[in-house]
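Using the sequences provided together with the hints, build the complete structure.
Chains P and Y are the protein sequences, given in the same order. Counting in this note's numbering, the first sequence runs from 307 upward without gaps. Counting in this note's numbering, the second sequence runs from 307 upward without gaps.
Each hint should be verified, as a subset may be incorrect.
A pair counts as met if it fits within one copy or between any two copies, since identical chains are not told apart.
Stated by the list, open to error - Below, simulated PhoX-like cross-link-like pairs (lysine-lysine); rule was C-alpha separation at most 20 angstroms, straight line: (1) K332 with K403; (2) K370 with K403; (3) K332 with K429.
Hints are computed from structural coordinates only; laboratory data are not their basis.
2 protein chains.
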Amino acid sequence: MKGKKPDHGRGTALAESPEFLGSQIKGRLWIERQGEIFLSWGRVVLLEQIRETGSIAAAARAMKMAYSHAWSLVANMNDLAGEELVGRTFGGRHGGKAWLTPAGEAAITQFWELADKFREWLKDQEA
Amino acid sequence: MKGKKPDHGRGTALAESPEFLGSQIKGRLWIERQGEIFLSWGRVVLLEQIRETGSIAAAARAMKMAYSHAWSLVANMNDLAGEELVGRTFGGRHGGKAWLTPAGEAAITQFWELADKFREWLKDQEA
Numbered sequence: 307m308k309g310k311k312p313d314h315g316r317g318t319a320l321a322e323s324p325e326f327l328g329s330q331i332k333g334r335l336w337i338e339r340q341g342e343i344f345l346s347w348g349r350v351v352l353l354e355q356i357r358e359t360g361s362i363a364a365a366a367r368a369m370k371m372a373y374s375h376a377w378s379l380v381a382n383m384n385d386l387a388g389e390e391l392v393g394r395t396f397g398g399r400h401g402g403k404a405w406l407t408p409a410g411e412a413a414i415t416q417f418w419e420l421a422d423k424f425r426e427w428l429k430d431q432e433a
Numbered sequence: 307m308k309g310k311k312p313d314h315g316r317g318t319a320l321a322e323s324p325e326f327l328g329s330q331i332k333g334r335l336w337i338e339r340q341g342e343i344f345l346s347w348g349r350v351v352l353l354e355q356i357r358e359t360g361s362i363a364a365a366a367r368a369m370k371m372a373y374s375h376a377w378s379l380v381a382n383m384n385d386l387a388g389e390e391l392v393g394r395t396f397g398g399r400h401g402g403k404a405w406l407t408p409a410g411e412a413a414i415t416q417f418w419e420l421a422d423k424f425r426e427w428l429k430d431q432e433a
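Printed below as a string of structure tokens:
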């Protein structure tokens, strides 16, 4: 990993097989809607950080991500979902409060269930 | 896809599920050895282009990749495999001739078999 900024999933394995004869299979999954990335590892971790901190700004800081980037990811997820995954109040110089809606909670659950199934499948493969 | 340069797999889906309620699961797989990328979609397509053209330089041109980059990918694959996947003669300003060894053919077969199984698995998932 280069530099200090953590890699939140782009180009990074979400799951991996056990090592077999010195080789390891690694993989990533993401969910698209209308041909655009909707949910990925990094986006789901952002949702979890919003749940934990109650604020998009604090979640962005925890992920060493620009606030404007976190905000645009949230806006894009709400847009592609056709309903809010993240509710938020506006105002205040730190951007107000934020919370997950039931649809946001469901998105997280759905993504990790899929990731778990992917990890199980990868375990069954031999490199 | 930005610019004219094709994306040979990094950040691009190797496999995808059918669309389900407007969503589609996409994914990538790659094989690592010693913690380094050994075989990925782009690397395997490079091997196939070398087989087709008989030359690393021609394969690089076909993939709109710098010759030096193609050469370093081949050297890295040979190194991580512990045997040559690509044999080559040196000399000549176009870098000589190149061909796949049986180990190179086996690597291609192994990767596409894994990719096929991954596509099958993704088909069984619902977004």
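The hints, checked one at a time:
1. K332 with K403: Neither way: K332 and K403 sit 37 angstroms apart in one copy and 32 angstroms across, limit 20 angstroms.
2. K370 with K403: This pair counts as within: shortest intra-copy Cα distance 19 angstroms, inter-copy 48 angstroms.
3. K332 with K429: This pair counts as both: shortest intra-copy Cα distance 10 angstroms, inter-copy 19 angstroms.
In this structure, the one hint that does not hold is number 1.
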